[in-house]
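Protein chains: 2
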Amino acid sequence: MSERGIKPSNQPALADFKVSVDTVIFSVDTQQNRVLVLLIMRRDDPFSGQWSLPGTLVRQGESLEDAAHRVLVEKIRVNNLYLEQLYTFGGPHRDPRESPKSFGVRYLSVSYFALVRFEEAQFIAEGVSGIAWYPVKQIPSLAFDHGKIIEYGYQRLRNKLEYSPVAFDVLPDVFTLSDLYQLYTTVLGENFSDYSNFRTRLLKLGFLADTGLKASRGAGRPASLYRFDAEAFAPLKDKPLVFL
Amino acid sequence: MSERGIKPSNQPALADFKVSVDTVIFSVDTQQNRVLVLLIMRRDDPFSGQWSLPGTLVRQGESLEDAAHRVLVEKIRVNNLYLEQLYTFGGPHRDPRESPKSFGVRYLSVSYFALVRFEEAQFIAEGVSGIAWYPVKQIPSLAFDHGKIIEYGYQRLRNKLEYSPVAFDVLPDVFTLSDLYQLYTTVLGENFSDYSNFRTRLLKLGFLADTGLKASRGAGRPASLYRFDAEAFAPLKDKPLVFL
Numbered sequence: 001m002s003e004r005g006i007k008p009s010n011q012p013a014l015a016d017f018k019v020s021v022d023t024v025i026f027s028v029d030t031q032q033n034r035v036l037v038l039l040i041m042r043r044d045d046p047f048s049g050q051w052s053l054p055g056t057l058v059r060q061g062e063s064l065e066d067a068a069h070r071v072l073v074e075k076i077r078v079n080n081l082y083l084e085q086l087y088t089f090g091g092p093h094r095d096p097r098e099s100p101k102s103f104g105v106r107y108l109s110v111s112y113f114a115l116v117r118f119e120e121a122q123f124i125a126e127g128v129s130g131i132a133w134y135p136v137k138q139i140p141s142l143a144f145d146h147g148k149i150i151e152y153g154y155q156r157l158r159n160k161l162e163y164s165p166v167a168f169d170v171l172p173d174v175f176t177l178s179d180l181y182q183l184y185t186t187v188l189g190e191n192f193s194d195y196s197n198f199r200t201r202l203l204k205l206g207f208l209a210d211t212g213l214k215a216s217r218g219a220g221r222p223a224s225l226y227r228f229d230a231e232a233f234a235p236l237k238d239k240p241l242v243f244l
Numbered sequence: 001m002s003e004r005g006i007k008p009s010n011q012p013a014l015a016d017f018k019v020s021v022d023t024v025i026f027s028v029d030t031q032q033n034r035v036l037v038l039l040i041m042r043r044d045d046p047f048s049g050q051w052s053l054p055g056t057l058v059r060q061g062e063s064l065e066d067a068a069h070r071v072l073v074e075k076i077r078v079n080n081l082y083l084e085q086l087y088t089f090g091g092p093h094r095d096p097r098e099s100p101k102s103f104g105v106r107y108l109s110v111s112y113f114a115l116v117r118f119e120e121a122q123f124i125a126e127g128v129s130g131i132a133w134y135p136v137k138q139i140p141s142l143a144f145d146h147g148k149i150i151e152y153g154y155q156r157l158r159n160k161l162e163y164s165p166v167a168f169d170v171l172p173d174v175f176t177l178s179d180l181y182q183l184y185t186t187v188l189g190e191n192f193s194d195y196s197n198f199r200t201r202l203l204k205l206g207f208l209a210d211t212g213l214k215a216s217r218g219a220g221r222p223a224s225l226y227r228f229d230a231e232a233f234a235p236l237k238d239k240p241l242v243f244l
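Chains A and B, in that order, are what the protein sequence lines are.
Each step along the first sequence adds one to the number in the working numbering, with nothing skipped, and position 163 is 163.
Each step along the second sequence adds one to the number in the working numbering, with nothing skipped, and position 175 is 175.
Honestly, the hints are just simulated from the structure, not real lab data.
These figures come from a predicted structure and were not determined experimentally.
Some hints could be false.
[As the list claims (entries may be wrong)] Reference excerpt, derived from the structure (chain A facing chain B, CB under 8 angstroms, subset only):
| # | residue |
| --- | --- |
| 1 | A15 |
| 2 | R59 |
| 3 | S63 |
| 4 | L64 |
| 5 | E84 |
| 6 | T88 |
| 7 | L108 |
| 8 | E162 |
| 9 | V242 |
[As the list claims (entries may be wrong)] Below are the DSBU-like pairs computed for lysine-lysine, each with C-alpha atoms no more than 30 angstroms apart in a straight line:
| # | chain 1 | residue 1 | chain 2 | residue 2 |
| --- | --- | --- | --- | --- |
| 10 | B | K239 | A | K237 |
| 11 | B | K148 | B | K18 |
| 12 | A | K160 | B | K204 |
| 13 | A | K160 | B | K239 |
| 14 | A | K239 | B | K239 |
| 15 | B | K18 | A | K101 |
| 16 | A | K18 | B | K239 |
Glycine included, C-beta positions come from ideal geometry on N, C-alpha and C.
Given these sequences and hints, build the entire structure.
Below you can see the structure in the form of structure tokens.
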């Protein structure tokens with residue numbers, strides 16, 4: 001491997017990179033029928049004063065996951081955040097610090113995906129300046145290609161609702177089938193399934209346990225409260241499954 | 001953003017990276033009941049003389065996808081390879097070129113996933129030295145963390161068979177239901193489903209078209225030949241679906 005400055009002329013020069021980790025953190029406000037994403041106001045150039053994803057550049061000796069956790073602990077108040085890697089964006093010209101003429105250092109972003117409960121979401125942004133939850137349908141102009149990263153993350157969120165029990169990490173411990181349907185509708189849109197089919201399908205999967213409790217809300221008759229039965233779900237964990 | 005050498009002492013130093021793209025290319029030999037992965041013998045240090053995934057370091061001005069395509073065109077003969085990004089491995093100490101004491105340049109790998117037909121696979125490796133298809137269950141000791149990358153890719157392959165119509169990209173244009181079952185069994189193991197359930201399930205999904213042709217093989221009665229009906233599948237494309 002040749003180093004810069006001593007490379008033979010027939011060997012094309014390798015790109016040099018800094019690496020950032022940028023995290024798309026979603027929350028779902030089922031009452032207002034909105035998916036929210038956490039944004040941070042940048043204080044440094046480039047894009048100083050613009051909204052962006054929470055992110056940081058990876059330091060010497062630091063793993064990608066450690067860098068992701070560091071920025072979340074430093075900049076926002078959050079407990080037990082579940083993180084998974086989303087996608088890596090690494091093309092040229094995605095950061096103005098790279099001079100297109102001089103082939104300067106490039107900036108590659110390894111993005112991560114996270115989902116938090118709405119109550120936790122309120123805690124995260126409370127009383128902290130330069131941090132806000134934006135509805136995913138009303139994202140302002142963002143720094144870098146962070147708008148594209150959010151689009152990618154939103155698709156992942158939809159896939160996770162369809163193929164994994166992630167909804168039960170977001171709902172309260174006990175919930176009505178109508179709460180669950182509302183969560184799916186908020187993320188997937190009105191027309192993903194009618195309520196009756198959804199209800200039949202979910203109950204048939206066998207991991208929703210009726211608690212015997214009822215919730216009285218508004219004028220209708222009280223609705224049964226369910227909980228996610230992790231034990232009943234365990235044998236299904238590694239099987240392919242669709243949740244709607 | 002501070003540069004190395006002139007950083008203020010309270011600012012931790014950022015890591016410098018080179019970036020490689022490494023591709024896990026699978027093929028499925030249903031006759032011999034084996035999943036194969038393409039390996040390349042390294043000719044340069046580090047790990048000279050050891051098997052590795054086909055990969056390269058990203059050059060100045062080059063996108064990640066372009067780098068992945070370049071190595072495939074340069075090193076192996078392949079047509080119309082479908083590539084998708086797999087995962088990014090970027091922790092410290094994954095490459096011996098990084099001196100753990102001096103915090104030298106780190107090497108991050110953006111891995112890609114590909115799947116080719118078995119006939120194409122035979123063409124790729126034919127008459128080229130230092131390239132071989134290895135059964136995924138008999139992988140030799142590999143350079144870097146490439147063994148871990150293959151494990152990750154194998155999981156992706158299983159998921160794709162479960163949740164997407166990727167099988168029909170790998171099978172010939174016409175096939176028997178037994179061919180299709182054999183492909184699934186080869187990748188997912190013997191016990192994923194019995195043949196009769198699998199057959200019922202796949203026919204019910206409605207995108208396998210009976211060609212009217214029969215295949216005579218061995219002693220049994222001739223089996224119907226099917227083709228994948230892309231038009232019938234189109235409305236299902238964006239719906240969550242399980243293929244078994």
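Hint-by-hint comparison with the structure:
no.	hint	verdict
1	A15	5 angstroms, holds
2	R59	5 angstroms, holds
3	S63	4 angstroms, holds
4	L64	5 angstroms, holds
5	E84	10 angstroms, violated
6	T88	4 angstroms, holds
7	L108	6 angstroms, holds
8	E162	4 angstroms, holds
9	V242	5 angstroms, holds
10	K239(B) - K237(A)	21 angstroms, holds
11	K148(B) - K18(B)	20 angstroms, holds
12	K160(A) - K204(B)	25 angstroms, holds
13	K160(A) - K239(B)	13 angstroms, holds
14	K239(A) - K239(B)	18 angstroms, holds
15	K18(B) - K101(A)	20 angstroms, holds
16	K18(A) - K239(B)	38 angstroms, violated
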